[in-house]
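Trainee: Here the protein sequences line up with chains V and Z, keeping their order. All the letters of the first sequence, read from the start, carry residue numbers 1 to 194 under the working numbering. All the letters of the second sequence, read from the start, carry residue numbers 1 to 190 under the working numbering.
Hints are computed from structural coordinates only; laboratory data are not their basis. Do not rely on the hints blindly, as some may be mistaken.
A short list of chain Z residues far from chain V (calculated; beta carbon distances all over 10 angstroms) [said to hold, decoys possible]:
1. Gln21
2. Glu48
3. Gly67
4. Pro157
What the simulated footprint calls covered on chain Z by chain V, stretch by stretch (three residues with Cβ under 8 angstroms from a Cβ of chain V suffice, anywhere in the stretch; the number is not a length) [claimed, not checked]:
5. 49 to 61
6. 73 to 84
7. 140 to 148
8. 165 to 173
9. 183 to 189
Note that beta-carbon positions come from the ideal geometry of N, C-alpha and C, so glycine has one too.
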Amino acid sequence: MNPEEPRDTIDHSFDERWLDDTLAGYSSAEPRLGLETRILAGIRAHAAQRRCRWMFAFAGALALVLLAVLVTTARTGKRGNPGKSAQNERSPQMVLPVPTRNVEREPRNVSLTVQRRHRPATRVNMMTQSLVFKAAMKQEHFPADRPISEQDRLLLNYLSQTSHSEVQHVVAVQQEMTAARQRWEEEVDSQERP
Amino acid sequence: MYLPGQVILSRTIAAQSEAEQVEAVVRQHARFVYQVAYAVLRHPQEAEDAAQETFIRVWKHAKELSGILNHRAWLARIAWRVACDRRRKHAVVASDETLLQLAAGGASAEESLMRSQQMQLLERMIATLPNELRETLTLSTVEEMTSVEIAEVLSIPESSVRVRLLRARQLLREKLQAMTKRKQRDGVEA
């Protein structure tokens, strides 16, 4: 019989017990009192912080969108204004010009065809510009009481593109129609009188 | 048909119920989570911070809470990962708080000192174990943690947990015997 054997068994059992005891206490550390409360408070603080971060992010995004809208509006406004302001500045100086050219009477149809065939676009522009210039010069001497309207402008363009004889013809037709209407009204008046 | 108001109301109720669920989980398992973290970090304050971080993660995944069958294993896994991350990031400084806690437990100063020396010895011995044995043994020291839960945390079969625990204990015993023999030899020589 080996005399060392019982001693080994005693040592072995002592080691086992020591291991069991020490391992049992290895992670048995108790937390400080109020751990749950501290954890819950931490979670609430984290949630509030997160909500706050989201709100800041949302506000920032909203501010950026508003800024973008403002910048876009300002740019489009700048682009749109100069034309309007220039038109407004030009308008008071313009008056309705009256063509005063004396052109020999020609057959109406012939003159129209000839003029339309030989009138280039640049010439039309030049004529309009000259009329506008004349109107401006006239404005200096005889200022008009009202600014030129869009209809006036259209009429001005029509006059610049139409021959004098044609205009005279239209005026004559209008005068005849007016005279006929006056005559008709007079007849009606005379018939109604007792 | 769902109206926007109804949707908001249902979401608010859902959020409230989630918050209540999280609160219930915290109240039920805070101590357990703390102990899992403490088993890894061996530092009371670090363990508390890890527990806090664990429950913040739980709160972020509160929607999944209702679908989880074993809350303890799920929490242990999160706490384990958080604690391991913290141990990697911050080198935990050993403190005297363990000693103070032991002293506050009512034991005499001599007993406390002896116990803390034993604990330090065990810590050193566990630190020399291979990684997989150390992890398994550390988790097994957490109170009420079953081999099934350990297996779930470490994502290994339960049989592997048992084998690893046996091997770890065997290695510790051998180390302890070697130390005892060395001490005896030193005593005889002196």
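Trainee: Each hint should be assessed against the structure and marked as holding or not.
Mentor: Results for each hint:
| no. | hint | result |
| --- | --- | --- |
| 1 | Gln21 | holds (12 angstroms) |
| 2 | Glu48 | violated (6 angstroms) |
| 3 | Gly67 | holds (20 angstroms) |
| 4 | Pro157 | holds (23 angstroms) |
| 5 | 49 to 61 | holds (count 5) |
| 6 | 73 to 84 | violated (count 0) |
| 7 | 140 to 148 | holds (count 4) |
| 8 | 165 to 173 | holds (count 3) |
| 9 | 183 to 189 | violated (count 0) |
Of the numbered hints listed earlier, those contradicted by the structure are 2, 6 and 9.
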